[in-house]
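Fit chain B to the supplied structure of chain A, relying on the hints for placement.
Here is what each chain is made of, one letter per residue.
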Amino acid sequence: MASGLRIMALAALGLLFMAPYVWMLAASLKATDELFRAPMALLPESWAAITNYGRVLREVPVGLYLWNGLVMCGGILVFQLLFAIPAGYALAKLRFAGRDWLFGAVMFGLLVPAHVPALPLYMALSAGGWLNTYAALIVPSTISVFAIFLFRQFFRSLPQDLINAARLDGMGEAAIVWRVALPNAWPAATAFAIFSVVAHWNDLFWPLIVTTGHERATPALGVLYFRTEEAGDDFGALMAACTIMTAPLVLAFLLAQRRFVEGISTTGLKG
Amino acid sequence: MREPGRRGEALAGWLLTTPAALAFLLLVLAPTLAAVALAFSDYELGQWPPAWIGLENFRELWTDRGFRTSFVNTLVYVGLVAPLSVLGGLGLALLIEGAARGRTLFRAVFFLPVVSLTVAMAAAWQYLLHPTIGPVNAALRMIGVTGPAWLSSSDTVLLSLAAIGIWEGVGFNMVLFMAGLTAIPRELREAALVDGARGGWDRFRLVTWPLLGPTTLFVVTISLIRAVRVFDTVAVLTRGGPNKASEVLLYTMYTEGFTFLRLGYSAAITLVFLAIVLVLMLLQTRVLDRRVHYG
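Chains as they are written, first to last, in UniProt numbering: chain A, 1 to 271; chain B, 1 to 295.
With the rest of the complex left out, here is chain A (with noise of 0.2 Å):
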């Protein structure tokens, strides 16, 4: 195909692709009685976007919604890191009884999806008590088995002579870990941590399951409590919390698009 009919396919199937932030965005400027009258104007005659941003600054608290995401993909990426970066160094580097076993464990659980695992742990985060806090929303997801696969594929491939060295030096194998395994391991750790961020920034399922009422709701159940329970049929409004909500992770996507999408694609292999 000529080069020129390929950019106008891609040009004509990209606005298709981009029309729900299109209008998600002019719906979000408009007054209501607007979006009745003329669908599919994309220009709003007067503009609302005072008003719709506005009731929903008002009304929903934005700020402790991201802060709770924040907080949730944060908490989790720090202990799937502690957790996974030394055990994938031991299971590529030492030699030890019981290190094919281990490895079984994790090939097993790569084989099992997080829902499975769901019900059980919610029994025992609601016996313990703990429903409803930020430990709920982090604990389940602290443990990564693809994690672990993804380090130990890495430091395979670390020269042995690396570590040898720095035994020579005297150190000991969980120094070796932080301070020579892990500095020449950035661009899994930058791969996996992109890969988690938005796995779980985008989770509904587990927050829906462990969280009640506003405190502790995530971005994703921010934007269906406000659609539930107070937009009704305000869409100028519920695009408006639409826009704020999506907009992190978008902008976070933009600056950063190279590594994002290598990131994807090297690690985005379990989905």
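Hint data in this document are derived by calculation from the structure and do not stem from the laboratory. Heads up, a few of these hints could be off.
As the list claims (entries may be wrong) - Negatives, chain A to chain B, calculated, CB over 10 Å:
1) Y53
2) R55
3) L64
4) L182
5) N184
6) A193
7) R258
To be verified - If you want a taste of the chain A side facing chain B, the calculated C-beta under 7 Å gives, among others:
8) S3
9) I7
10) L10
11) T32
12) F36
13) F205
14) F253
Glycine is no exception: its CB is placed at the ideal position from the N, C-alpha and C atoms.
Chain B alone, transformed into the frame defined by chain A:
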């Protein structure tokens, strides 16, 4: 050289893996086994002790018309979303790869749905597909067609959800295919050109497609598994309605467990879900793997 002795190495190995192993036991293995046990019990939240009822839950699932609908709906959804998002992703990757300009821009455009908050985008789709004020039906009216009530008619609700699922999944698959395409050596395509594969289609059929085999296999499996896990759009937009027309496995599991508090029954649905995922993975490693030509 002061290498640690075998015992020192073993000790370090154990120390470094212990935190992860404990977390795995506590948060993955034990609850998964508990879920399996739960599926054979009549446990309801607040009622203790549960009784062991063997296959009763599964027998009930088998005769439960709601569950059957949910199962069939999930299959229909997967059957639409997985193939179309794989083909769409492949098509886009090939189009972008061969474009002279704007690769980064187009890649970003099609990838955007992957990083957008699903719940928010579902609400945006609800507005887009609204029967009276939605732009989609307004556009249809302009060409003289009366559009359906996309999300509130049982004829179109699953199709609409599938369309949203495809919109979300295509960009993800495109990125994976683009990674696969860059791994194909350029010389191979040039060699094919010299050997007389002149047309773009011949080049695709003889070189690109066989070498994309492993990537395609991954993308197909991931797309299937992602599609089986559909939950967010259903929970936000339809809650399984109207008339159970958009009831899907994970949403049924959620309502049985957390609305009706029938945890045993819900766990049985989880096992059905797990069985589907395992079969899909087995399919990848056992059946499809043999047909793939690894370059």
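(request) Please name the hints from earlier in the document that this structure breaks, with their numbers sorted from lowest to highest. (result) 7, 11
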